[in-house]
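Chemist: All chains should be built: construct the whole structure from the sequences, respecting the hints.
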Amino acid sequence: MSRTIRRVLAVASAAALLLGGAALERRDALVTDIRAHDAQTAALAGRIASEERTGVELASALAEQRARVELGDTLLAAREPFLAAVAEFGAALESAQGRVDATTQVQLVTGAQHAVLAERERPGAIAEATETVTAAAGTLRAEVQAHEEEQRRLAEAAAAAAASARGRGPSGGAGPGARSGAASTPSVGGDAVARGRGALAQLGGGHIAVRAYDGNCQGRYADACSYSSGYIAVAPAIADYSQGRLLWAMAHEFAHQVQFGVWAPLQRSETFGALFGGNVESLANCMAAARGYGSCSAAQLDFANAVWGRRVPH
Amino acid sequence: MAHPTARWLSAGACTLLLCAGVLTAELQLRSLHATHDAAAAAVAIGERALDQLQGDNAALSEQIEAARAAAAAREASLASTEGMLPAEDAAP
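Chains as they are written, first to last, in this note's numbering: chain P, 1 to 314; chain U, 1 to 92.
Hints were generated in silico from the structure; no laboratory data involved.
Where hints are given, some of them may not hold.
What follows is a list of derived Cβ distance ranges for each label pair [as the list claims (entries may be wrong)]:
{"id": "1", "chain 1": "U", "residue 1": "76", "chain 2": "P", "residue 2": "52", "range": "34 to 42 Å"}
{"id": "2", "chain 1": "U", "residue 1": "75", "chain 2": "P", "residue 2": "270", "range": "29 to 37 Å"}
{"id": "3", "chain 1": "P", "residue 1": "53", "chain 2": "U", "residue 2": "82", "range": "37 to 45 Å"}
{"id": "4", "chain 1": "U", "residue 1": "59", "chain 2": "P", "residue 2": "278", "range": "43 to 51 Å"}
{"id": "5", "chain 1": "P", "residue 1": "55", "chain 2": "U", "residue 2": "28", "range": "51 to 59 Å"}
We put the CB at the ideal spot given by N, CA and C, even for glycine.
Modeler: Dropping the structure here:
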């Protein structure tokens, strides 16, 4: 074998060995990399599966919230005609004050309001409540109309009686005494309701209904109690009041009726808080004082007079 | 002592075998490279899919928050007594 060929073979063998070694090293590195990538892919697959589950849960939660919003919109839409019916009833209630007892209808409406406020599922229940309120307003208006017709009939009868009395001449009782009967102001004295009505009429509150009660003013005893549905209740003890005390008591209860008419601005009034500590009883006392029954500071009397005029200073 | 021709032949054969081994290793390396590239591509695809899902879920979370706020607003409106008759009050 020639020396040259021997060298060539030796060099080729050495090169092959070197290249083979390098190839093995690269192979190891690649295999390690591939294993790392496989592990990474497996981890990613786990995280992807987890995110997909989360996505399904989130989509479900979103659908639930959207359903709540949609139901809320439906309930609010159903509430609009209900509030319109309540406003209509409020107007009927205002016209009924001092004319007819609206307690039953007010209870029906407040019951319907409670049902509507509590309703979170069925728009149909709100529609039913709307019908209740509309019917209550209709009933109240009919009662007021019947009352007005009755008053008109009584006035016509009284006028006819007066004309008949005038026709009988002086011996028939013409004069102030005979006419006062027709005017029919309630007599002072007698039972509690009659005395209360008389005093109230004297104070300019003759349009407010006066009813008898047992003295239970929403859980505590009081000889008289003013209700926001538009009437004043008096206990039998009122019959024994002196005239001065009776006028003070009725002025106080009449003041509460006026307060109910300006309730919201009254509760917001900072002056009311500053002068009366937000106490409607103190204000009612000063409103009575403004009518000459009791005494209060000048600032309190100014405020009381404003409230009598249905105006609430801020 | 072997014949010189036999020595020649065996040396040549060994060298050829070595070269063939190197060539085979190279071919295997190419295949491994392809596998490696495919694995890297799978990782990249997985990462993109994960990013996409995370983005989608974040968007869903935001929508849920907005829907919750809207539902709370509806609830406040439903609890409001505005426009209703005040409860019966009584004052002695």
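Chemist: It remains to establish, for every hint, whether it holds in the given structure.
Modeler: Hints and how they fare:
no. : hint                      : verdict
1   : U:76 to P:52: 34 to 42 Å  : 35 Å, holds
2   : U:75 to P:270: 29 to 37 Å : 31 Å, holds
3   : P:53 to U:82: 37 to 45 Å  : 43 Å, holds
4   : U:59 to P:278: 43 to 51 Å : 50 Å, holds
5   : P:55 to U:28: 51 to 59 Å  : 42 Å, violated
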